[in-house]
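Colleague: Single-letter residue listing:
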Amino acid sequence: MLRIFFILLVFCSRQSNAQLSCRKRPNGEGVRLDVSRDKEMAPKDKSGSSIDGSLKGAKVTSQGFIGSCAGHSTSLLIKAAHPDKPQVIPELIQACDQSKYGTIDGNNPMVLIGCLAKNPSRKYCPLKADIPLDEQVKIKSIQASRSKFMSLSLPDQTKVEEALKKVYFQLNTGMSSETATLFCAKNFISYLPEGTTDSESLGRDPSILLRLRHYKNLFKNVSDHYSNINAKGSKTRFIKYDTVPSNEVEQNQQIQELAKMQAEISNRLEHCKAFSCAPGNIRNIEKSFYSFKKSIDEFKEFQNDNKVHRGGFFGPSEEKVKAFKQKVSTIRKSLAGLENSIVAEGKGVHKVSLDVALVKAKMDKTENPESRKNLLRYKSTLVQLAAVPVPKRRSEKIRFRRRLKAAFKTTAQKFGLIEEAVEEDYKIVRSKIKKGCSIDSLEEMIDVFPIICKSGEKDEFFEKVRSVLSPLFAYHRPHRSFDPSIILDVFKTKNVDAYTSRITCEDSEKFKVPIKSKDFEYLDLGDFSKVPKFEKALKNALVRKILREKNPKIIKYIKKIFGSNKKLVKCLGKDTSKACAAAFDKIDVHVLNSYTSEFYPKIVTKIHNKYAKALNKNKKKVLREKLMSLNENKPAVLGICSSVLHKDHRRPPATAVSTGNAKVDEKNCGAHALTVIGYRCNKGKVEYLLQNSWGVRACNQYRRSREIECRNDKDQGKIWISEGLLSKGVLNLTQHK
Amino acid sequence: MLKNIFTILLLLSLSNLYAEDYFFKGVRVPLDKHGDYALISKECVNCMAKRALKEITPMENYGIMAIGAPGAKLCMSIEGAKYEIFDSKLGQQGFCLFSDGSYVDTDGLMYFSDPSNKKKIDN
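Order-wise, the sequence lines are chains A and B. Each residue of the first sequence is one higher than the last, beginning at 1 in my numbering. Each residue of the second sequence is one higher than the last, beginning at 1 in my numbering.
Mixed in with the good hints there might be a few duds.
PhoX-like, lysine-lysine: derived pairs with alpha carbons at most 25 angstroms apart [stated by the list, open to error]:
#	chain 1	residue 1	chain 2	residue 2
1	A	K553	A	K397
2	A	K714	B	K33
3	B	K54	B	K42
4	B	K82	A	K414
5	B	K42	A	K714
6	A	K56	B	K89
According to the in silico footprint, chain A covers these stretches of chain B (three or more CB under 8 angstroms from chain A) [said to hold, decoys possible]:
#	region
7	70 to 78
8	83 to 93
9	105 to 117
Here are some chain B residues the structure puts well away from chain A; computed CB gaps all over 12 angstroms [what the hints assert, rightly or not]:
#	residue
10	D32
11	R51
12	K54
13	E55
Keep in mind that the hints were calculated from the coordinates and are not lab data. This one's a predicted model, so the numbers in the text were calculated from it and none came from an experiment. Built from N, CA and C at the ideal position, the CB exists for glycine as well.
Could you build the full structure based on these sequences and the hints that come with them?
Modeller: What follows is the structure in structure tokens.
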């Protein structure tokens, strides 16, 4: 009886300690989940026969510059758990929890799994829907449905098709019209008939129209601002001169200067009225405008300075104010007139030649590309600001507004604008982010701030494309066609809503998989760090720090967290460590660490480094135990410090430390998530196969080390890594139970 | 024998095509290999993408950020460049796009950001 008990005990202990091992196993033996049954490393079923890996055929996705690594690895984890279902688009998974989007906590797939479980109504769109060839099919179907449109006897159907593609890109990608423009620009060039001259080509570049509208908008802001001041003022109109300037002459000079500027703008606009504006003229207007704005800013500054010196100056004479107002009104009229003439003539966009290279060459000579770039940057900044949802809670709302105001200020400074103009533009952009907006506003795409379309009805789409493009082609002549730059990009991938909603996912319900948090196991850094001497040292150090803490904010926070431990709370801030240390006994060191380490990143890092060897050994052991799941065809997602992989981090960390202090962690660690999809034995040592989300060609992004094996031509975004190096970087692990 | 060699060569070239076929939103992206190091837009003689390969410096010069793929961040550090993801049969790859319509894959960009690799750029 005793013998049986002993055998059972040994058996059970072996079972609980079961782990991957390469002792006495030949080189290359192991498992990888991305292969099919005919490969040696395919996983085995219970009978020992090779089976398909659960990630066989899974698409290697790329996160780009977005912090969506957890979404990409979770996508693989869910795919492996439900191999019969299509792979879900990683960005959709990531977008479930936008609060963590792009932050250091963003490497935790369990947060995303929890979010998906809580929000079963979310869309689960299959990656397949994004297969490019499908889109080509859709474009063909658009062609088929526009027979009437095609009967306009256009000489070159290909051009029309390209134009449609262009519109299609913008509507369906929600982010890439600028890029599409670049691409199509190349295509258009190839469609140009030989010998095309540029006699009519530079007619009107729609981007000029865009810019003018932008200026007009800015101008309106500035003049409105001063109109308001006029309305409020009584005797001291225009600028509230209830103060004495240090130098009256100087002030008069300023006014004269301003009047001169306005006269200059007016003159230039007069020339443009006849629509003979070459890009160079517009550039001059642009220059004048900014000088004008600058003058107004100077006035503001002047006014502020004057507030300091109170006295009896009553500002410019009524005459001067009148003259100024007259100028403002002239400029406004001129701008309106100019725009009207452009709008009227805008129908002649068809006159723009397709010789993009030539247009570009001309523009390079006559235009200021920097200002054009700035405008784009300005718009994308606004879109990013506008994409942040306004919080519902009052307290958060106040904070949000404060942050927004600061952002306006920064943006205004960055682009040399006035804050009011930025705020106004922000409102415009915000009003254009609408749910379910269709292509109703396709025309608005030539406006300063194109509408952000989240979805589009198919039939409506065809109709609209037709109605919008028809006028463009109405006077179509051979070798003239749609100018790609008519569509201007403001969409950026950082705009999560636009990014994730770009895919029409009508069949979402079909692809839904039941996701429950309890089906997944999660191990945090504490689970990997169960090394008694380390835990003791860390606890002692933290307790010592906490008890000597003098910062009232930190004490308040700790009181809030550990409020139930009255003894501890009493001890806080007092250097009575011996008497009070006992109060901490009942608190788990990892809990203590997770709540307090952000205040003491240096000491926490120091202790981790001191016990790095023991910690890494333990991590290896836990990894080997947990990654036995690979034999059962189950991958795992690892949260790691990307500094173990990253080429530009000179040395990998001694061991991963998550202090909770964002700055320290970003510098020393760089939280990242990737999927372990296999292991192999190499000279008696275990190596793991990782699927990363840095692209199918990513080898040059990894550090050069014998411990990393990467081949761009064969590995498609996967790397083999030694368990020694990997264990240094491990922060957490998530796997399907 | 000659026929066999021809078949092998054909198969090899086909397999190569298969691996290097990239699409952007439904449009096949014409690519050339720049040595074995980078995928660059076809017929890119004096294009901005090639200029970028010559001028790019390591990421450490721009400061390392924790978020995103290193190659994507390197691309974003280039004034006026735009980052986009292209699809292939096997997966997705980031490319860096320039205003003249030329493009290069971010891994190639990473490779040539290393000063010791600059000499491998064709002129």
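Colleague: In ascending order, which of the hints set out earlier in this document are inconsistent with the structure?
Modeller: none
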